[in-house]
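If you want the building blocks of each chain, they are given just below.
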Amino acid sequence: MTERENGGIADKALQLVLEMKRNPDILPPYNAELVRSCLHKIDELYKLNADIVAEMRAGKQNDYSLLQPRIVAMYHIRRCLCAYINARKDRIRSFRWKYGGALPSSIRNALCEAEIEFFNEYSSTLARFQGSLGDNGVNLLLHVEPPKSLFVQVRALENYGDFETSDGTLVVLMKDSLHSLPRQDCEMLIRQGILEIAN
Amino acid sequence: MEESTSSFHENLEDEEEEEFVTPDVVMKRMCESWQNELASPCLLPSKMELVEILLDQIQGMEENIGRQSDKVQLRISVHRMELQRVSYMTSDYIRCRLQKIESNPRYYLNEHNRRIEEGQTELLSELELKFATEYAEAEAQLFGKTVLGFMPHALQKMPVPVDDLNVEMVYARVLEDDVGNVSIPDWTDPNSEVIIELEKDTVHLIPFTSIRHLVEEGKMILL
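Chains as they are written, first to last, in full-length UniProt numbering: chain X, 1 to 199; chain F, 1 to 223.
One chain only, chain X, in its complex shape (with noise of 0.2 Å):
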């Protein structure tokens, strides 16, 4: 019988990293109560071989033919949890280079609060790093494209207001009013589906 459940959890286990491999463009939810029975699992069979392995102690005498494959499932049940965690995380940073320090909220909900806190983390680690380079600090958001000119035809995609660039001229963005623009100070826009490269 618990063999069987064995099984059953590992597989779950694996459900956890297809999970993430099916979904490469979006982040589902954190699944905590899957993650919560792995835990669970790992916990019951290591119980299970530290009380024979108390009682092979006592001297009485025991089946240990088990003890091997139950830690083998819980090295395999672990590993899942571990990739989980990993993938999930590799996707969370690359929304700090996506959005910035400030995460959407349909992204937001998607998290657990670990999650969250790793993201400020991550994001005022990365915060700092640029700050101290250099005397001004770099952004290493802007420069992303190999630069082909200085100004870019953009698109306004939604009504975005008054913005003013580093020269100091103001433009309004209207929805679908062309604009050409230096290349650095739309980059952040253009990220943010705000703007799209017109030609």
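Just so you know, these hints were derived from the structure itself, not from any lab.
One or more hints might be untrue.
Label pairs and their computed distance ranges (CB to CB) [as the list claims (entries may be wrong)]: (1) F:120 - X:105: 44 to 50 Å; (2) X:15 - F:120: 24 to 30 Å; (3) X:23 - F:223: 32 to 38 Å; (4) X:76 - F:165: 25 to 31 Å; (5) F:110 - X:151: 43 to 49 Å; (6) F:217 - X:90: 32 to 38 Å; (7) X:172 - F:202: 56 to 62 Å; (8) X:15 - F:110: 29 to 35 Å; (9) X:97 - F:163: 19 to 25 Å.
Covered stretches of chain F (in silico footprint by chain X; criterion: 3 or more residues with CB under 8 Å from a CB of chain X, positions within the stretch not fixed) [said to hold, decoys possible]: (10) 73-82; (11) 87-95.
Keeping only pairs whose Cα atoms sit at most 25 Å apart, straight-line, the calculated PhoX-like set for lysine-lysine is [claimed, not checked]: (12) F:130 - X:98; (13) F:28 - X:148; (14) X:41 - X:89.
Note that beta-carbon positions come from the ideal geometry of N, C-alpha and C, so glycine has one too.
Given chain X's structure and the hints, the job is docking chain F onto it.
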């Protein structure tokens, strides 16, 4: 590119400071480091001091341009373009390094310490070291609060993956004379090695570990 970088340097010549190297040399070394870092399968020793010099000069140039009254001059536009290019190069270099550090912070922290103990050049700059330490801590917190912290004590250790660099092959060109020979493993016979002679300007497809030290010394460049 060639034309515009040279005028960038002309402009910097007059503000050359305590460094003994000319901006020309800095740019050249930066380009090489950047290329190496992008092509290398692992993190190479830090060249952040070059980045710092360039950042300093970018700032100087920006101030110079800011002082010009006529903003539409062709000369200004050309200089702006150069600034953009240099900024792109430095930013991309830093980003590439950060990505590698983030992919395995613990491994690189260990490597860094090992290299210091063995008296080799430092893998991480001071800032990168701080970043890596903080990042590794954040990562450990995340794992601890989600899964590892709830496991039996024996299973709580944070896993540190190690890449097998022995299987990594790279294209590389020899830059200097008298680099000498390197040995590469002979795949047909596990006990023997093949000696390869490295002549100047030849290009090789070669195991990364065999020429790693030459790349770090600047005698070869990755392609």
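Hint check results:
1. For residue 120 of chain F and residue 105 of chain X, the Cβ-Cβ distance of about 48 Å falls inside the hinted range of 44 to 50 Å, so the restraint holds.
2. A beta carbon spacing of about 45 Å between residue 15 of chain X and residue 120 of chain F contradicts the range 24 to 30 Å that was offered as a hint.
3. The beta-carbon spacing between residue 23 of chain X and residue 223 of chain F, approximately 36 Å, falls within the hinted interval of 32 to 38 Å.
4. The hinted range of 25 to 31 Å is satisfied by residue 76 of chain X and residue 165 of chain F, whose Cβ atoms lie roughly 27 Å apart.
5. The hinted window of 43 to 49 Å between residue 110 of chain F and residue 151 of chain X holds, with their beta carbons roughly 47 Å apart.
6. For residue 217 of chain F and residue 90 of chain X, the hinted distance range of 32 to 38 Å is satisfied, since their beta carbons lie about 33 Å from each other.
7. Under the hint 56 to 62 Å, the C-beta atoms of residue 172 of chain X and residue 202 of chain F, about 59 Å apart, fit the expected range.
8. For residue 15 of chain X and residue 110 of chain F, the hinted distance range of 29 to 35 Å is satisfied, since their beta carbons lie about 33 Å from each other.
9. For residue 97 of chain X and residue 163 of chain F, the Cβ-Cβ distance of about 23 Å falls inside the hinted range of 19 to 25 Å, so the restraint holds.
10. Counting residues of the segment 73-82 of chain F whose CB lies closer than 8 Å to any CB of chain X gives 3, which reaches the minimum of 3, so the coverage claim holds.
11. Given as covered by chain X, the segment 87-95 of chain F passes the check, having 7 residues with a CB less than 8 Å from a CB of that chain where 3 are the minimum.
12. Distance hint between residue 130 of chain F and residue 98 of chain X is fulfilled; the C-alpha atoms sit about 23 Å from each other, no more than 25 Å.
13. Pair hint residue 28 of chain F plus residue 148 of chain X holds up; C-alpha atoms about 21 Å apart against a cutoff of 25 Å.
14. A C-alpha spacing of about 24 Å is found between residue 41 of chain X and residue 89 of chain X, which places the hinted pair at or below 25 Å, so the restraint holds.
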